Amino acid sequence: MKIYNAGENSVVVYFSEHASPEVSARVQHTAGRLPQLLGPALIDLVPSYASLLVIYDPARCGQLELRQTIRKAAAGSSEDRATEKLVELPTWYSTAAGPDLEPLARHAGLAIEEVIELHQALEYRVYAIGFAPGFAYLGELDPRIAKPRLATPRAKVPRGAVAIADRQTAVYPAASPGGWNLIGLCPVTLFDPEADPPMPLQVGDRVRFRAIEQDEYRQLGGEL
Amino acid sequence: MSVEVSRAGILALLTDGGRFGQHQLGLTSGGPMDPFAFHWANRLCENAPDATAIEVTVGGLGLRFHGPTRVAITGAEVAVTINGKAVERWRSHAVKADDQLKIAYAQKGCRCYVAVSGGFQVKPFLGSTSTVVREGVGGLNGQALQNGDFIESASDNSQQCWRLPPAELPRYSNWLPLRVIPGYQNEVFHPQQQRLFFQSSYQVGKLSDRMGYRLSGPPIRAGVEGILSEGICLGAIQIPADGQPIVLMNDRQTIGGYPKIGSVLSLDLARLAQLKPGDKVNFAAITLESAHRALQLASKHFASVQAEAITVD
Chain G
0 MKIYNAGENS VVVYFSEHAS PEVSARVQHT AGRLPQLLGP ALIDLVPSYA SLLVIYDPAR
60 CGQLELRQTI RKAAAGSSED RATEKLVELP TWYSTAAGPD LEPLARHAGL AIEEVIELHQ
120 ALEYRVYAIG FAPGFAYLGE LDPRIAKPRL ATPRAKVPRG AVAIADRQTA VYPAASPGGW
180 NLIGLCPVTL FDPEADPPMP LQVGDRVRFR AIEQDEYRQL GGEL
Chain Y
0 MSVEVSRAGI LALLTDGGRF GQHQLGLTSG GPMDPFAFHW ANRLCENAPD ATAIEVTVGG
60 LGLRFHGPTR VAITGAEVAV TINGKAVERW RSHAVKADDQ LKIAYAQKGC RCYVAVSGGF
120 QVKPFLGSTS TVVREGVGGL NGQALQNGDF IESASDNSQQ CWRLPPAELP RYSNWLPLRV
180 IPGYQNEVFH PQQQRLFFQS SYQVGKLSDR MGYRLSGPPI RAGVEGILSE GICLGAIQIP
240 ADGQPIVLMN DRQTIGGYPK IGSVLSLDLA RLAQLKPGDK VNFAAITLES AHRALQLASK
300 HFASVQAEAI TVD
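So the protein lines, in turn, are chains G and Y. End of the first sequence = 223 in numbering that gives the first Met the number 0, gap-free, step of one. End of the second sequence = 312 in numbering that gives the first Met the number 0, gap-free, step of one.
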């Protein structure tokens, strides 16, 4: 574990150079313990694939104490908790709903049906939430259907777009610019400021995709 | 009573001190881009420093009061009138029902703050009223203020008004030194690239907003193309593949994958937030210890000067 300064009131903690479920569990374990250990000196936390950004109040906690506390929080068992939630995301996969489905299949040397099957075959883990509210970085994707981001990002990706970038997959919670490969549409609301909690996914949750047809997508509230 | 937005202008946002503790949901912190001017607007209305006020970008805001209150305007150099009569900034003014406040367009600096007695009364979302338009949260319905909006606030009949000690008035310039705490991946930048970064001047680009200030100047090469996406703190300086630095501001994305050379000191971000496209900045490295000393001094100074605010009338 390495701790670097990030800014006047934040440090970034690196647990590994690579993402893995074990590393993610350690990030989560540490993020889960810090609020209690740091108390009011903690301002905010950003857990990611293999790192944790800790934003603190330097008037309440010195550098040395902060680093000791982070090491203490990271110590101990960080086994995957079995209580983690499994969320199913129904997805309408089609070339109409996912303009990059066909190019991705061609890139992979697979039939479209095989891409759809491989995308549903694995259970993913929420490695990080960020970029936008409710945007969950899901990994790791089957390497056979991995594809880099588009050379030129789209100015507008629709709300609910199911997308692939390298060995990650995600659902865009709201319309936004984006450079990921779009393969389908998911009708589940992933960020609603009025709901409690405002989003169904949390870091550490498990996610599965399930193929649906256009009718079901619309019945579930999906927009066309 | 309520305050009516007779004209929303270019961009007017309700904001408090910011939304904290919600990064794990992907929500950014938001809050005032120039906390110095924001805190003073509240102080001059005898509010808590983080009470909800309006951040006006560039200008064009018109307000109509539907009851008595005190109002203070701080920040960018801009012409302000109440019922057509020019009034001073950096002081509070007693207003009554049907009075109209108009803010013209900023001449120097680009953001000003409007506070009223007791702060604007807005329902907080996840602990904060700060509007983040990109996320659709905070303020009224998650949006910037619109023509015809009504914002609740308390009636206040007090005639006692306050102004800033004259020595405290900020001067807005168009060339700014920014103190930087080296950090994050600064080691992946070759020493020669670091020298280039700290010895060059950069111009504020047109695409600068509450999310980030895009700078242009001599390109800086990082030793790596990208990094495993990680948390981004306020003021972080991203260096994308084109080598043009982006200073990440209050509405930044919470996670990103570009290498970062360090972060700008918040005291200087508040001044950067007053720069406009075409203005220039330089970077100077400081240690974390001197950053903490500067923050401590600034907060002591603010506390002592606050107590010296002068009553008028």
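I should point out that these hints are in silico values taken from the structure, not numbers from a laboratory. Treat the numbers as computed from the prediction; the structure is a model and nothing was measured. Heads up, a few of these hints could be off.
Residues from chain G that keep clear of chain Y, each with C-beta distances beyond 10 Å, as calculated [said to hold, decoys possible]: (1) Asn4; (2) Glu7; (3) Val11; (4) Ile42; (5) Gln67; (6) Ala74; (7) Pro98; (8) His106; (9) Ala120; (10) Ala131; (11) Glu139; (12) Leu140; (13) Arg143; (14) Pro192.
Distance ranges between label pairs, derived from CB positions [to be verified]: (15) Y:Val187 to G:Gly178: 43 to 51 Å; (16) Y:Ala103 to G:Ala174: 29 to 37 Å; (17) G:Glu193 to Y:Ala153: 21 to 29 Å; (18) Y:Arg220 to G:Arg166: 25 to 33 Å.
The C-beta atom is built at its ideal place from N, Cα and C for all residues, glycine as well.
Status of each hint after checking the structure:
1. At roughly 4 Å, the least C-beta separation between Asn4 (chain G) and chain Y is not larger than 10 Å, which violates its mark as non-interface.
2. A beta-carbon of chain Y is positioned within 10 Å of the beta-carbon of Glu7 (chain G); the least distance is around 4 Å.
3. At roughly 6 Å from the closest C-beta of chain Y, the C-beta of Val11 (chain G) falls inside 10 Å, breaking its exclusion from the interface.
4. Not every C-beta of chain Y lies more than 10 Å from that of Ile42 (chain G), the closest at about 5 Å, which undercuts listing it as non-interface.
5. Even its closest Cβ contact with chain Y, about 16 Å, leaves Gln67 (chain G) beyond 10 Å, as expected for a residue assigned away from the interface.
6. Taking the minimum C-beta to C-beta distance to chain Y, about 21 Å, the non-interface status of Ala74 (chain G) holds against the 10 Å cut.
7. With a least beta-carbon separation of about 24 Å from chain Y, Pro98 (chain G) lies farther than 10 Å from that chain, consistent with its non-interface assignment.
8. His106 (chain G), annotated as away from the interface, keeps every beta carbon of chain Y farther than 10 Å; the closest lies near 20 Å.
9. Non-interface status of Ala120 (chain G) relative to chain Y is upheld: no Cβ of that chain comes within 10 Å, the nearest being about 25 Å off.
10. A beta-carbon of chain Y comes within 10 Å of the beta-carbon of Ala131 (chain G); the shortest separation is about 6 Å.
11. The Cβ of Glu139 (chain G) lies farther than 10 Å from every Cβ of chain Y, with a closest approach of about 12 Å, so its non-interface assignment holds.
12. Leu140 (chain G), annotated as away from the interface, keeps every beta carbon of chain Y farther than 10 Å; the closest lies near 15 Å.
13. Residue placement check: Arg143 (chain G) keeps its beta carbon more than 10 Å from all beta carbons of chain Y (closest about 22 Å).
14. Here Pro192 (chain G) does not stay apart from chain Y, with its beta-carbon only about 5 Å from theirs, under the 10 Å limit.
15. Roughly 23 Å separates the CB atoms of Val187 (chain Y) and Gly178 (chain G), a value that falls outside the hinted 43 to 51 Å.
16. Between Ala103 (chain Y) and Ala174 (chain G) the C-beta distance comes to about 35 Å, which sits within the given range of 29 to 37 Å.
17. At about 26 Å, the beta-carbon gap between Glu193 (chain G) and Ala153 (chain Y) stays in the expected band of 21 to 29 Å.
18. Checked against the hint of 25 to 33 Å, the C-beta distance between Arg220 (chain Y) and Arg166 (chain G) comes to roughly 27 Å, which is consistent with it.
Hints 1, 2, 3, 4, 10, 14, 15 from the list above are not met by this structure, while the remaining hints are.
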